[in-house]
Amino acid sequence: MFAFIVSRLLQALPVMFTVSLISFAMFAYVGDPVAIMLGQDYTEAQREALVRDLGLDQPFFVQFWEYLQFWEYLKNAVRGEFGLSYRLARPVSDLILERMPATLELSLSAAFLALAIGVPMGVYTGLYRESWLSRLFLTISLIGVSLPTFLIGILLILVFAVWLGVLPSFGRGETVMVGGWWSTGFLTASGLKALILPSITLGLFQMTLIMRLVRSEMLEVLRTDYIKFARARGLTNRAIHFGHALKNTLVPVITITGLQLGAIIAFAIVTETVFQWPGMGLLFIQAVANADIPIMAAYLIMIALLFVIINLVVDLLYYLVDPRLRGSLTGSAR
Amino acid sequence: MAGDAIPRDAAASGPVEAGARVGGPEAARRKGPVARMLDSDLWYSFSRSPLTVASALVALVLIGGAVLAPVLAPHNPFDLATLNLMDAFNPPAFMAGGDPAFLLGTDDQGRDMLSTIMYGARISLFVGFCAVLFAMTLGVAIGLVAGYAGGATDAVLMRIADIKLTFPAILVALLVDGLVRAAMPRELHDRIALWVVIFAIGISNWVQYARTVRGSTLVEKSKEYVMAARVIGLSNLRIMARHVLPNVMGPVLVIATLNLGFAILAEATLSFLGVGVPPTQPSLGTLIRIGNDFLFSGEWWITVFPGITLALMVLSVNLLGDWLRDALNPKLR
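Residue numbers (our numbering), protein chains in the order written: chain A, 1 to 334; chain B, 1 to 333.
Be aware that a few hints might be false.
As the list claims (entries may be wrong) - Facing chain A, from chain B, some residues (calculated, C-beta under 10 Å):
no.	residue
1	V61
2	F126
3	C130
4	L157
5	F167
6	I170
7	L175
8	I288
9	A311
10	V314
11	L315
12	L319
Because the hints were derived from the structure by calculation, they are not lab data.
Note that the structure is predicted; figures quoted are calculated from it, not measured.
For glycine and all other residues, C-beta sits at the position ideal for the given N, C-alpha and C.
Construct the complete structure from the given sequences, taking the supplied hints into account.
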């Protein structure tokens, strides 16, 4: 078990290293911070003053120096220091920390929604393949896969915010600070109401994906001998369906859900833009539109770290869910 | 799923097919190309699936409307001389207050929505096709080289592919787009923005091709015809391009069809986020973003109609891709 974790961590290292290399290359070579910070109107004297302030007039020679620069950058990145945003002139780490709770709350609600609705729908459509409700679910899921995230968001806003006027269409509502820095929308009524539409928008695609996955796995498992044996033993349907069948569909569901959590965080960029949700995604998209390199570089490293952690957790969950893997893992680790 | 609607064993056991097969391969060769196409297994499985025929028709109408937009569109939305601000915010013709000249209504600048959508679909499809072509070329080249060369080249290329797979494609496309935007002066970027988007989407999507091609190249490379080509002294490049490549292209074309839907969606998403194609060449995504601003004042048609077009386009292309994958899969016959 320990050897397994260590080998996974070692595999993650080259990924993190490559990502920080790319992120440093962006930081060091792309874009002209002077041009971005000065804007449209400036005098030559202002330009020179800014170049001096930023230390860009210093000669930076030899490759070795850049190599050292990279290590300096890495050390700062590990400490969470990514420099100043070109556009907002504030430390990038502050900006990201400020926005992170919003994105994480949205992503987790969406993932929860996808699981809480997708799994039961999948079980139902797997068990009662021919019923009209199953057909309805499958048709809905086909639409859910083909509609782009932003369009779902816009349509939900049109129906529930503009026509019916029952739910807010933008922002997080009222938030409460917890522990000094984590602002949460879970504790106020308006915060929860504001969460409904964005998390449906973000979770719908994953929900349909999970539903289809559980359905096909259930169909597969229900054909196996041990289910027949369980029926022969006279177990209740409930025990067979949930205790035996569903449990055996969980391994692929966990993999896909884990990998999709990454996709959820990526697509949070789109959802946050539609709903003007003040999260990291909105910060990132504004950085892309304004060529604000420090924020892009920092976001890249943050996301890579998050993905590496998610992959690790997924691997560990396998280990807990599927007892067969334990033997093979210790075998391969030796 | 489209797959459920396709009679999977029909191609082998259908009575019509059995009758048509009597002539044998000789008879088939004497017929014209159209008759041969109508005689093929592929056409049979196509004509037996109503869902596939329907999505092919929808795709054909959309692509036809987009390609022939300059001829078919009732108005030219980019000709400033014909625009009249008095026409702005006309509701669709079938609603109260609609003008029959503007079937789907007009936007804030008095442009006819139907024409704007046709021109927009043109750009969406163009970007989608080019991005798929670029991703396919890049992925096939990398896969061929990795599979054929093996060793360290293979290991490095596949490691890069793994790292790329760690990130969702849309995020990579956003990053590439943002990087190019930052590295270029604004005027230059505006001029080539369309190609930047194609590059970004292509770059974010080559891994699947590379992996597939590498796998089949590994199989092909040990076959006798490759050995024979080596024995007569052909260069590695020639063997890869002329001998191995044609034998690994089959699955690539299926992946390309399936990815067309993704590429169109990716372009729409980038444009919706405001970092895709420039507003002077609005694609469907750009139209939806513009229309989004008028949602609250009640002009829903400016955003909903381009949205429906986009959804229909992606849905029909996806269904066709699903069908092609199942129809060409020998295991499912």
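Violations among the numbered hints, reported as their numbers in ascending order: When the structure is compared with the hints, numbers 1, 2, 3, 4 turn out to be violated.
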